[in-house]
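Q: Each chain, letter by letter, is given below.
Protein chains: 2
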Amino acid sequence: MKESNALQLPAIRIQGGFWRDRMDNIVREVIPYQWMALNDQIPDAEPSHAIENFKIAAGKSDGIFYGLIFQDSDVGKWIEAASYGLIDTPNPELEKTIDGVIELIALSQESDGYLDTYFSMSAPEKKWTDFAMGHEMYCGGHLIEGAIAYFQATGKRAFLDIMIRYADHLDAHFGPGPKKKLAFCGHPEIELALCKLYALTGEKRYLDLSRFFVDERGKHPEVIDNSKVIHWGGGGPAMNPWHQKDYYQDHAPVRDQADAVGHSVRAMYLYCAMADQWRLGGDETLGVALKKLWESATERRMYVTGGLGSQGLCERFTVDHDLPPDTAYAETCASIGLIFWAWRMTLASSERRYADVLERALYNGALSGISLDGTRYFYVNPLEVVPGIVKARHDHIHVKSERVQWFGCACCPPNIARLVCSIGQFIYSHSDASIWVHQYATGTARIPVAGGEVVLEQASEYPWVGSINITVREIKQGQEKLCLNLRIPPNTGNAVITVNGQGVPVKLNDDGYAMVDRVWESGDVIGMKFEMPVRFIRSSPLVRETMGQVAVQKGPFIYCAEEADNGPNLHLLRLDPTAPAILEQASDLGHGIMKIKIKGTRVVADTERPLYSTDPYRSEECVITLVPYFAWNNRSPGEMRVWLATR
Amino acid sequence: MKESNALQLPAIRIQGGFWRDRMDNIVREVIPYQWMALNDQIPDAEPSHAIENFKIAAGKSDGIFYGLIFQDSDVGKWIEAASYGLIDTPNPELEKTIDGVIELIALSQESDGYLDTYFSMSAPEKKWTDFAMGHEMYCGGHLIEGAIAYFQATGKRAFLDIMIRYADHLDAHFGPGPKKKLAFCGHPEIELALCKLYALTGEKRYLDLSRFFVDERGKHPEVIDNSKVIHWGGGGPAMNPWHQKDYYQDHAPVRDQADAVGHSVRAMYLYCAMADQWRLGGDETLGVALKKLWESATERRMYVTGGLGSQGLCERFTVDHDLPPDTAYAETCASIGLIFWAWRMTLASSERRYADVLERALYNGALSGISLDGTRYFYVNPLEVVPGIVKARHDHIHVKSERVQWFGCACCPPNIARLVCSIGQFIYSHSDASIWVHQYATGTARIPVAGGEVVLEQASEYPWVGSINITVREIKQGQEKLCLNLRIPPNTGNAVITVNGQGVPVKLNDDGYAMVDRVWESGDVIGMKFEMPVRFIRSSPLVRETMGQVAVQKGPFIYCAEEADNGPNLHLLRLDPTAPAILEQASDLGHGIMKIKIKGTRVVADTERPLYSTDPYRSEECVITLVPYFAWNNRSPGEMRVWLATR
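Heads up: the protein sequence lines correspond to chains A and B, in order.
Residue 1461 in our numbering sits at position 70 of the first sequence, and the numbers go up by one each step.
Residue 1808 in our numbering sits at position 417 of the second sequence, and the numbers go up by one each step.
Check the hints yourself; a few may be wrong.
What the hints assert, rightly or not - With a straight-line Cα cutoff of 27 Å, these simulated DSSO-like cross-link-like pairs (lysine-lysine) come out: (1) B:K1571 to B:K1518; (2) B:K1683 to A:K1782; (3) A:K1782 to B:K1782.
Everything labelled a hint here was simulated from the structure, so no lab data went into it.
Being a predicted model, the structure only gives us computed values, none of them experimental.
Construct the entire structure; sequences and hints are all you get.
A: Encoded structure:
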């Protein structure tokens, strides 16, 4: 294990390329749009009421709580996203808006530090009683993350102090010993938030309380009394996986858990907390458990898009290699959670496999959750959509054929906003004498190493072209000797690394990173070029639904066929992996997006043919046009398919 | 349209071969077994309480109604099956048992003819109020069918008279005009039962009442007030297809219905009634509608096994070509209903396509509902079962990996019993100067034609071998000129027809039957031989899930691969349709069942291979062993798969 440190956001600026385009969208369009959504100002969208709930709780408006029990968390995530927006682009008006929300939050907080508009207003007698579905600490965790981000963005302490009071309230009520309550939240989140608060404040009580919540999980069946969970679905326990302990990852002590099970977002947030405890708390036993869970989640239970969760009901993992493309859940939040977990694993161990998966989830299953214009969202990200089937079949009821403006349960939209707007955090990590470059994006980073701060300026044509230049802009005397570790993305080839135009040998370290270990001078330029051929990916043959089909990948992007380019009945297409792939700018999508065109055949949908017959199929030549999966459903609605038959 | 007449059961005897074996099982094992089940005497089986309900209603036992609202219908179907058993094999003890049940039914009937133990005992104030889910007429219809069968078996009128009083009760309460109630049952069945009662008694009021129920359907939204249906599932209307009119085939007048929709068993029973009205009532407009519905049901929405209903929730049809093998519903009762409908279409039009589909459903999707020993049942008949997936995935919750002893909702077991035990009825039909031979089974038939009764003695090696001999055993003077119409089964080849050993030209009439039109003498033997090669069936390419795969068929049997023969992960098998197929007696199944062995390959389930990789698959040679679909799950439990990949 080579532990490395994260950079905080102000130290990294995104200044061009793919991610600048995406961040511009978040800063300019998404943050204002989501503010309108939280204020119920989007016509025809599902209502949120999240801000109104705080207004009512603050005594500034009349009415009653409306929305899901965890509606407060949307506000926490939006403030977090907006704060990252402020770090990127100062915006006094936005800052004033957030200050206004913080005033509401301050007034909503009870005198003892408790904070949750649902329970304060609607069920005060039930506070801290429903650890299965109450989501109190979950909401608190997201508000803590928002408060930390806003403090980092503005230096203002008001929100942070509110959430410190909240954390102190938790610490006073929960923990070991006879005077405190033994409990933990059905939806993990507070655990990782407390670790963040510890990292910011240095207050070890928060790390200890987080560890308590992690450690006690799975040992006390009485805490998450899921036998009482009836408000989330009908039927008895057999019909209702909410009654199953593994839904909450509460079926066994966390160190005994080896399979990624249950609600996939809950799982990801728990594993994040475990990884924080591994790294910050130094608990190697958690590292051992996490590596098993990683293998289960990413080597047996993950979609090729980095999507997690194979079943709609309970948004959950099922069993190994059960990865149906059409009934997938693959929640946007689960891919985001996987990115958070992968990043923590990266920091804890510096093995490249974590950054590889982070990249897969980032460019595919997470980014697909938001439209190119930022105003439409997918909660569920299947790998095959046939609108007529989605409409007809009850077992597709969780799937939407088109992104929507907002959700009654809107966890995903602000989550993707905060992710994209803080994308810089995942690019570098560092130790005393090493810098790791995990992801590629044009921009500047100020990286503290033993000798002082190093400023790197990255110019990246990735993810569209395999060409990256990193210029050492500033380097302190005495720090010239430094090992730069570059991740050569998977599914690329013939990587060449240069320093100041001179080739250097590509030497991989034990963790899979290409090392360039030398004495640097200001102005040195490290270049990396690699080929990004179109690849034809096959799943493990144990994946029943996709065995024998191919997914097309170029660089980090999984591609898909859309009806907009190929007409309906995409299952009739048969791709020829030996045919040359032609790349083409997608003028109808913009944003530098590249289409792939490749020859194939289409089975003729002969309507005269009997339903069952011994006749062979007739096929005709065709060109199959593919677009990156994340960019689908940005034109006319219709079918989409990732896994394609081959001829 | 060439209308033909049905033979009643006592006129046809099954005396050998495949169907004698199956009938022996019903007569010797199933009827006694199901009697025990209806009396809750099967250890570990789901309780029935159906007989106990009648005992309580009759005042012979204490207690309250238990079971589904339509539990009475199981008794009607069991009496019908047992009566066919009595026709086949007299059994005074069984007859005495049935007489005892009939006494209970007589005592359960109310003085005005009303009969339904649930409503009489548990909700008398709600009689004739819930036409969506009340199932009152549905139960009455099955009791009428049972009464007719028992009368045919024994000549005893007691039960028949009970049900005539019941029918008169209906006729007094329902029908046109201001003094009668405008209603029809949410689950069709009474309509076809009333037609049967009309055919037996000649009482036209029953035909007219049946026609009233058929005609008014889909015209009066207030009758089936499904907005109140809440006791069958949670969620609002959007979540709950029980709230949709098409579930009840009540979305449009029946003559305007062109797609087979909704609950598939309800659909089949409605179409049976429409076909009865077409034939018995002479209403050609119904024939026009039925032909459209037939094309929808069998040419776009039917599994290759003759299974109907693609979705578990609401046991219903979905949309054209949506035929997933693993989440199929394909209820045993729906295939049985399809057989009943196909038979009525055969009688009304004598087109061979109806008998072809009847055969498909009979030998596959219906017969799969019962184990070879007769004591285990499938309600749902998917075309792919992976036990681990069935257990793990909520969208497979309707599927069972193994047949069970009984169901709380036990419509299927007595339905398959009455079907098999009355198999003789589907073999012949006749008009003045023609006899049609639709199906093949060893046995004797007494067939009335214009000149008097003709006795045919059939010796059939079908379905295992394509060899049938029909001997004219008796023929009346003056009736010697007679056209015999033979159906040459589909998926056979090179049919040869002989009369007394001499080949005759195979001439198909416009309806697709081979005509042998001549002057007959007693002792004449018509022989038919045909090849039954192993066929590789492809679905329409519009069937997404099975496009590119093959189903193996020999004669009427669809075959499948089972884990018992091939090990797990059947999706890894790739069949070579050009390899020779070897036939082998299935010593582990008995009953003359033939296995098919055919060379193929198996993709190696390399657990070291990454979940996603550009590596090609490795394959190894193997022999794929197949058993008839109906005979699966009669050995050790495990996977089953009909549609196989090809190499």
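Q: With reference to the structure, classify each hint as holding or not holding.
A: Evaluated hints:
1. With a C-alpha separation of about 15 Å, the suggested pair K1571 (chain B) and K1518 (chain B) falls inside the 27 Å cut-off, and the hint holds.
2. Taking the CA atoms of K1683 (chain B) and K1782 (chain A), the gap is near 24 Å; set against the 27 Å cutoff, the hint holds.
3. Proximity of K1782 (chain A) to K1782 (chain B) is assessed by CA-CA distance (about 26 Å); at most 27 Å being required, the pair is judged to hold.
Going through the hint list in order, the structure satisfies each hint without exception.
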